[in-house]
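Q: Given next are the chains, with one letter for each unit.
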Amino acid sequence: MSAYALPGRSDPGALAGRGVLAICLCLAVLAPFFVSGYTVFQFTRVLCIGIAVLSINLLLGYSGQVSIGHSAIFGLGAYTTAILIHKASVPYGLAILAGGALAFVAGLLLGVPALRIRGLYLGLLTLGVAVLFPTIVSHYRELTGGPFGISIRTPPAPWGIDLAPDKWVYFLSLATLLVFVGGFQGIVRGRIGRALGALRKSEAMAAALGVGLARTKTLIFAISAGMAGIGGGLYQLLIGTATPTTYTLTLSLAFLVGSVLGGLRSSWGAIAGAAFVVYVPDKTASLGSTAPQLVYAIALAVVIYFLPGGVAAVPARLLGMWRSKRATHTVQLQQRGGK
Amino acid sequence: MSALLEGRAVTAFYGDAPALQDVDFEVNEGEILAVLGPNGAGKTTLLRAISRVVRTRGEIRFRGDSIVRLSADQAARRGIGHVPEGRGTFVDLTVEENLRLGSLARRRADRGRALGDLQAVYQLFPILAEFRGRRAGALSGGQQQMLAIARAVLGRPRLLLLDEPSLGLGPVVVNEVFERLSRIREEWSTTLVVAEQNVRQALRLADRALLMRTGRVALVGATDEVAQDPAVQRAYLGD
Amino acid sequence: MTASSLRGPRALALMLALLAAVLAVAASSATAVTDAPPRGISKNQIIIGGSFPFSGPLAVYGALSEGAKAYFGWVNAHGGVNGRKIKYVTLDDGYDPSRLASNARNLIEQQNAFLLLDFGGPANAIRDYMQQVNTIQMNMSGLHDEARYTLTKSWWPDIRWEAGIEAAWAAKNVSNPKVGLLAINNDLALDFAAGINRGLGSKKSQFVSTLTVSPAQVDVSSQLNRLRAEGVNTLFVGLTGATMVGALKYIRQTGWKPTIFVYSAALALRGILDQVGEFENLYSAMWLKDPADPRWAKNAGVNTYKANVAKYSPDADPNSIFVENGYAGAVALVTVLKQVKNPTTASVVKAWNTLAPTVNPLLMPNIKLSGGPQGRIVHQYQVVNYANGTYKSVGKVVTIRR
Amino acid sequence: MTLFFQQLISGLAIGFVYAGLALALSVVYEGAGVLNFAQGEMATVSAFLAWVLTTRGMTFWLAFPIVLVISFVLGVAVERIFIRPLERASEQELLMVTLALYLGINAIVGWSAGYLQKTLTSPFGSDVWIVHGTFITSQQVGAAAVLVGVLLLVGILFQRTSIGLRIRAAAQNPESSRLLGISVGWMLALGWGIAAVVGAAAGTMAAPTIGLQPDMMGPVLLLAFAAAALGGFGSRVGAVVGGLVIGVASSLAAQYVDLLAGDLNQIVPFAVILVVLLFRPQGLFGRASALRV
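Protein chains in written order, with the working numbering: chain A, 1 to 339; chain B, 1 to 239; chain C, 1 to 402; chain D, 1 to 293.
FYI, nobody ran anything at the bench for these hints, they're computed from the structure.
A few of these clues could be false.
If you anchor each label on the Cβ, the simulated ranges turn out as follows [said to hold, decoys possible]:
| # | chain 1 | residue 1 | chain 2 | residue 2 | range |
| --- | --- | --- | --- | --- | --- |
| 1 | C | Glu230 | D | Leu284 | 28 to 36 Å |
| 2 | D | Pro85 | B | Arg213 | 33 to 41 Å |
| 3 | A | Ala101 | D | Val257 | 28 to 36 Å |
| 4 | B | Arg132 | D | Tyr256 | 42 to 50 Å |
| 5 | C | Asp274 | D | Thr2 | 30 to 38 Å |
Cut-off 25 Å, straight-line C-alpha distance, at most; resulting in silico cross-link-like pairs (DMTMM-like, lysine to aspartate or glutamate) [unchecked claim]:
| # | chain 1 | residue 1 | chain 2 | residue 2 |
| --- | --- | --- | --- | --- |
| 6 | C | Lys87 | A | Asp282 |
| 7 | C | Lys298 | C | Asp274 |
| 8 | C | Lys392 | C | Asp317 |
| 9 | D | Lys118 | C | Asp145 |
| 10 | A | Lys87 | C | Asp128 |
| 11 | A | Lys283 | C | Asp315 |
| 12 | A | Lys283 | C | Glu280 |
| 13 | A | Lys283 | D | Asp215 |
| 14 | C | Lys204 | D | Asp258 |
| 15 | D | Lys118 | C | Glu230 |
| 16 | C | Lys178 | C | Glu280 |
| 17 | C | Lys172 | C | Asp145 |
| 18 | D | Lys118 | C | Glu146 |
| 19 | C | Lys172 | C | Glu230 |
| 20 | C | Lys85 | C | Glu109 |
| 21 | A | Lys87 | A | Glu142 |
| 22 | C | Lys203 | C | Glu230 |
| 23 | C | Lys392 | C | Asp274 |
| 24 | D | Lys118 | C | Asp274 |
| 25 | D | Lys118 | C | Asp317 |
| 26 | C | Lys350 | C | Glu109 |
| 27 | A | Lys87 | C | Glu146 |
| 28 | C | Lys396 | C | Glu230 |
| 29 | C | Lys178 | D | Asp258 |
| 30 | C | Lys257 | C | Glu278 |
| 31 | C | Lys350 | C | Asp128 |
| 32 | A | Lys87 | C | Asp317 |
| 33 | C | Lys306 | C | Asp317 |
| 34 | C | Lys257 | C | Asp274 |
| 35 | C | Lys203 | D | Asp258 |
| 36 | C | Lys85 | C | Asp315 |
| 37 | C | Lys392 | C | Glu278 |
| 38 | C | Lys204 | A | Glu142 |
| 39 | A | Lys283 | A | Asp166 |
| 40 | C | Lys350 | C | Asp145 |
None of these values were measured; they are calculated from a predicted model.
Here a beta-carbon is modelled for each residue, glycine too, at the ideal position from N, C-alpha and C.
Only chain A is shown next, with the shape it has when bound in the complex (with noise of 0.2 Å):
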């Protein structure tokens, strides 16, 4: 074995992979109280969105199952969290997993009809959900505030830690959000991941192994839709007022952009993809009244025909090229001297 082999065990691709990320979470932990108030209130937008992001990725990632209604889902937990806490003074926390089931449930719902159907008619029907939450919502306004929406403050830190609600909020998405990752990597590397996988190459050949493809793929939207659910009541945290104007079919799209950016089946690609969609429209709005929304579809492109992976995937590619330079140089060492 040439010297230049390292031991299989730490690659050093991967090794350098988590060294970043260490690097970025000692980074995001403190980053609070070095900035402004406004930075921080943009960094927990991202990281909400983040949520709903990586619930897509989960979802049309690995089960190839197209959402174009999640801004509803999002917009659902939002408003159970809000009517909770304003109505019922549930404690924020407990308002907010209850805003995550309901969407769960939501996500059942709209996965049955999944089962039978091809992705298009899927697509078709969130489409209609998406058209029709802010609707609905604005309709029966006794419960939902209607168009002047419900106002709910954002908690001050519990515990009597001194720091200001908007802080705390980040801490607390930054929080849901890596329990979250957590569950994504979990879940995509375990039984069901597994099924995912099979299910993605062909439903055929999902079938055939006798996976429980109604079951798996019901259960993922269910799953997506919490998360995305959760992601909502932590948002409507932040931003205070619940009103109908932010979950149109606008977000939902922009969730889509944000996760084929990031990367379809990364969980960190997530929040990439998330502040793109975030730090976009204030970056670009003095180009042009409508530059926000060509900027996300020129992305979008440039993605789909460019580059597949999105984001996530250039520091693969970019290992994976020195990787492979390295490698040849190992076996020209090799047939050099090796024999």
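Knowing the structure of chain A, use the given hints to seat chains B, C and D on it.
A: Using the frame of chain A, we list chains B, C and D on its own:
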């Protein structure tokens, strides 16, 4: 008789498994060539190589010009008809619409004779005339086979490839089909290449035969020579 | 600490330890809040922030900000506000509450705005935040007045007052009025219905039908058919843009001749009525002059406005009702700011609430700016009738008593 | 009783617009096997083109055919540029591309035309006929006539002409079509072109009623999807019938179902999609084979 079609060192891959390895072949104008061999020997891939459905290495010349760089539809427009495995029926179109697609495939020069040909085809396959308005998907296997052949013939191809026409058909229908094939060569002055598992029928129909095994040409020659070969007798004729 | 220790539960433990350490550091360094000079005010400058929908389906309302910019430009060229020049910083929120919330924090924390201008329903989302950061927001439309939101002020008068005045007029002038309402399902419909009930007073039972439509729905012919079938002869319309034009055309085409009251903010000679053309018995209750109205062709105030827009917001259309609305709003704001020598949030709020009747050249004749406890700055209306391309005043100005 | 006919007329008038867009969606689905979310925005571009030409002084009946030709070319171009490179792509990727096109075209139209609402004056004048109590406007009748004409022409093109036969063949069985000398790629492109023409007709005819602004076809798209689903995605006749049924159903629901009279009228298309999905995925006229699992 100059060779209508000739292939030199034709190689094709199915994924990374070699389906054809350095296959050489010729087909002369007006003859019927039978392509024999067990399942997976490369019969279907050879036909697809000729009709350019499959990418290949090596050279294939049709009427003197190389066709390696053509796409499937360009090759078809040059006069290569191909009745594919599974018959390629347009299930949601009517029988007549299927046939019209065939006549639309012919070169400009022959457009004039399209109507006459349609009647001729209805004589060749009377069952199709009876079912002319029916949805093609409602036809039986045998009827769809005849429809596929009729459709290809209507395109007045110079070379007609047929991929296992007898597959899934009863003996009576197979006889009917093969009897039509020999009439087609006469009445439609076309050259046929028939890939077949049904060796007895193929050898009775064809002038020459080409035996394939695991992507290579095992044996080629006049049908009676090939029929004598002990390997062929043992494996296929088994009389 | 080898690489492998970064994997598995040990990594999580490390992370938590780090978090605890950082929190301790943060807790000790919390700075007490001192009463620094009011944010955004210096000797010669006052910073005003603006968040408007410059993109998205409601981008047309971005013109309000263009109008305000024009007047601020004029004010700066003429000595500013008590010597302070106005620095006007705007951001786009695309009519999305979450972007408005982040713009508000950006304008206040980063740009140090003294007060905020914004537009429409999304501003409901920051009423709490504005109280927390003790900063005034002037909504360039009308937000529901709630006592606890002392720092949220509205430029437009309350829709309920307008509907009330129009309904009262109808009760007096339409024989056996059967009232119907067709409006978008946002706050417009709710306030309109409330106002109509108050205005009809004893004839409340005459209010027979209310139909709301979603903003996305443009063809409302089936709703109009239904209202007509229910015998409505006095129709209140609270729609916008294409829906409004389509509705008025359909009413005329089908030969239906009800007395129509149109919500004043959705009415414009340029953009709506110029596409509808001639129309019989169309009324509204207005408080602001329409710049495209030939009646004001020689009006000094309107012409000054048009000249200033051409000079300080050249790419804005002076004939647009939205540009003029924004300009007049800026005039109202500066009028209030001039009442106070050294503005603080508290002193400006007091000046706003107690503003004595003051002339604003773009208001309808005999209508003046005037403060009020709830946070509105205009409390008077003039009922008008639209006929051959202009608004004719009907009756006298009505003042809201409370 | 006249009220019933009045709502029926309103329903049919807008129903033809849904039918036109639904037919466009159905043609694209049959060919590329994907739902073209940008079909509505492409129709908006055509409506604005008509507005640009007519306000430049061109008579409507000269501008309309020009707009249809330009729309055809744009439809073919969209397929050649955006769809063909993704020939072997998954269904999700194709769906994403049409969403990207939706966002992109909508943004470009919004940016260039602005959001101030414009009007395309109706080429059919504005007189009204009263047929025993029911009001029928000339715009409703004229638009319906033009759309019926366009729908018939497209039907004939597909059923009676050889080019139509080739397009249908390429859509149903691309491999077999290639063996018959049909260049499948160009047939798909022609399908997109024809879809764009039908969409353009629907958009231009709807413009005088629903007004010209960048998001005019947004709500219509959902109703057109419901119509295409109800009719059966594979079937062109289904799309047209579906469009009329959806138009009438929405109108009558607004009249006779109080809950659905106002803003909740949007539930109608959604409910239709759900019911079709659960009980008859291939729709009224579609064939199970068209489902292409």
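Q: Do the alpha carbons of Lys283/A and Asp215/D lie within 25 Å of each other, as the hint requires?
A: Given pair Lys283/A, Asp215/D holds - Cα atoms ~24 Å apart, limit 25 Å.
Q: Assess, step by step, whether the Cα of Lys87/A is no farther than 25 Å from the Cα of Glu146/C, and give holds or violated.
A: Given that 25 Å is the threshold and the Cα spacing comes to 18 Å, the pair holds.
Q: Verify the proposed pairing of Lys87/A with Asp317/C, using a straight-line Cα cut of 25 Å.
A: Distance ~46 Å between Lys87/A and Asp317/C Cα, so the pair is violated.
Q: Would the hint linking Lys178/C and Asp258/D be met if the CA-CA limit is 25 Å?
A: Roughly 19 Å between the alpha carbons, so the hint for Lys178/C and Asp258/D holds.
Q: Would the hint linking Lys203/C and Glu230/C be met if the CA-CA limit is 25 Å?
A: 17 Å, holds
Q: Lys204/C and Asp258/D: Cα distance at most 25 Å?
A: The hint holds at about 21 Å.
Q: Is the Cα-Cα distance between Lys392/C and Asp317/C 25 Å or less?
A: Holds, because 24 Å separates the two Cα atoms, which is no more than 25 Å.
Q: Hint check: Lys350/C vs Asp128/C, CA-CA at most 25 Å. Holds or violated?
A: 19 Å, holds
Q: Are Lys118/D and Glu146/C close enough, with their CA atoms no more than 25 Å apart?
A: 38 Å, violated
Q: Given the hinted pair Lys118/D and Glu230/C, is their alpha-carbon gap at most 25 Å?
A: Cα-Cα ~32 Å, so violated.
Q: With a cut-off of 25 Å on the C-alpha distance, tell me whether Lys257/C and Glu278/C pass.
A: 13 Å, holds
Q: Straight-line Cα separation of Lys118/D and Asp274/C no greater than 25 Å?
A: 10 Å, holds
Of the numbered hints stated above, those contradicted by the structure are hints 9, 12, 15, 17, 18, 28, 32, listed in ascending order.
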